[in-house]
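Trainee: So you can see what is in the structure, the chains are spelled out below.
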Amino acid sequence: MRPVNEDSLLVRQYIQGDERAFAQLVHKYRTRVFATIYVVLRNPTLAEDVTQECFFKVIKTFKTGKYKDEGKFLPWLLRVARNKAVDYYRKAKKAPEIDIDMEPDLFNSLGFAEKSIEEKQVDEDTKRKLQHWLNCLPTPQKDVIVMRHYMGMSFQEIADETGVSINTALGRMRYALQNLRKQARLEGRKQFQYEKIYSQ
Amino acid sequence: MKKYTRNDIIRYLYGETSIEENLEIEITLALDERLERFHWEMSEMVFLLNQISEKSAFTRTILDYSKNYPITEMNS
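Respectively, the protein sequence lines represent chains A and B. When we follow numbering that gives the first Met the number 0, the leftmost residue of the first sequence carries the number 0, and every step to the right adds one. When we follow numbering that gives the first Met the number 0, the leftmost residue of the second sequence carries the number 0, and every step to the right adds one.
In short, the hints are calculated from the structure, not lab data. Backbone N, C-alpha and C fix where the C-beta goes; we use that ideal spot for every residue, glycine too. Any given hint could turn out to be false.
[Said to hold, decoys possible] Derived pair list, reagent style DSSO-like, types lysine-lysine, alpha-carbon separation capped at 30 angstroms:
| hint | chain 1 | residue 1 | chain 2 | residue 2 |
| --- | --- | --- | --- | --- |
| 1 | A | K181 | B | K54 |
| 2 | A | K93 | A | K67 |
| 3 | A | K27 | B | K2 |
| 4 | A | K65 | B | K2 |
| 5 | A | K93 | B | K2 |
| 6 | A | K56 | B | K1 |
| 7 | A | K59 | B | K2 |
| 8 | B | K2 | A | K56 |
| 9 | A | K181 | B | K2 |
| 10 | B | K2 | A | K67 |
| 11 | A | K92 | B | K1 |
| 12 | B | K2 | A | K92 |
| 13 | B | K54 | A | K65 |
| 14 | A | K56 | B | K66 |
| 15 | B | K2 | A | K126 |
| 16 | B | K2 | A | K71 |
| 17 | A | K90 | B | K54 |
[Stated by the list, open to error] Covered stretches of chain B, going by a simulated chain A footprint (3 or more residues, C-beta under 8 angstroms):
| hint | stretch |
| --- | --- |
| 18 | 49-56 |
| 19 | 62-71 |
[Said to hold, decoys possible] Covered stretches of chain B, as calculated for chain A (at least 3 residues, CB under 8 angstroms):
| hint | stretch |
| --- | --- |
| 20 | 27-35 |
| 21 | 38-46 |
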């Protein structure tokens, strides 16, 4: 008789209606799933969306009785993740890209900078722009942000993973943050000029 | 006291410095205006990045979807 591993047990409990068991699986594997998808898409915002879609598919598979438990939950989950990412990549290649820079600028980084950290309410537009700037960073800089902020890796782990020294990993993070700030300042200046023209 | 660099400030911002280093870095920041400004600017960006990468809403969406999805067939 095959021994029941922890994942198989959680899967069984979930299928029997225990939502907490599924929450444990999500917490345990969301970073692995995200990383698998990010490797294909290289875009953290899209990778998050596709990660959600991947888990939605997992839910449907479980709740419609289509999952065959062979004690290999993780390899199956990562296969679903990779297939979802590849599907998305293929579809995205066919669809036209929307240029976010064509929209009017609403973010004034200088005004934002005057507030204290506690006072800051980051609106959806600011988040969207930041995600866009993040996607425009050189890949090594973007990767270090994704590994740190989305995957919770330490700088030593990032250095080991990317085969560089910890100082290089830190330097990439520094340049990434400086480049993002530069974008925010440019945006602030554009907004100032825009307001000046339309107030005349 | 060690001379702290911008990379050290990045480590400090991400909570990867020791208690002793924290104390020394805080003294350095109080004395070095340029480094203090760098720290302030970078902390703002780290704050924003934390906002866009926060996982709670992301996970909640998945778990809510699961709660609302009916079981249509039991596995054997």
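Trainee: Does each hint fit the structure? Answer for all of them.
Mentor: A quick look at each hint next to the structure:
1. A:K181 x B:K54: holds (26 angstroms)
2. A:K93 x A:K67: violated (34 angstroms)
3. A:K27 x B:K2: violated (40 angstroms)
4. A:K65 x B:K2: violated (61 angstroms)
5. A:K93 x B:K2: Since the Cα atoms of K93 of chain A and K2 of chain B sit roughly 53 angstroms apart, the hinted pair is violated (cutoff 30 angstroms).
6. A:K56 x B:K1: With Cα atoms ~53 angstroms apart, K56 of chain A and K1 of chain B exceed 30 angstroms; violated.
7. A:K59 x B:K2: Roughly 56 angstroms between the alpha carbons, so the hint for K59 of chain A and K2 of chain B is violated.
8. B:K2 x A:K56: violated (52 angstroms)
9. A:K181 x B:K2: The given pair, whose Cα atoms are some 27 angstroms apart, holds under the 30 angstroms limit.
10. B:K2 x A:K67: Violated, at roughly 59 angstroms.
11. A:K92 x B:K1: Violated, because 51 angstroms separates the two Cα atoms, which is more than 30 angstroms.
12. B:K2 x A:K92: violated (49 angstroms)
13. B:K54 x A:K65: holds (28 angstroms)
14. A:K56 x B:K66: holds (14 angstroms)
15. B:K2 x A:K126: violated (35 angstroms)
16. B:K2 x A:K71: violated (51 angstroms)
17. A:K90 x B:K54: With Cα atoms ~26 angstroms apart, K90 of chain A and K54 of chain B stay inside 30 angstroms; holds.
18. 49-56: holds (count 5)
19. 62-71: holds (count 8)
20. 27-35: violated (count 0)
21. 38-46: holds (count 7)
Violated hints, listed in ascending order, are 2, 3, 4, 5, 6, 7, 8, 10, 11, 12, 15, 16 and 20; each of the other numbered hints is respected by the structure.
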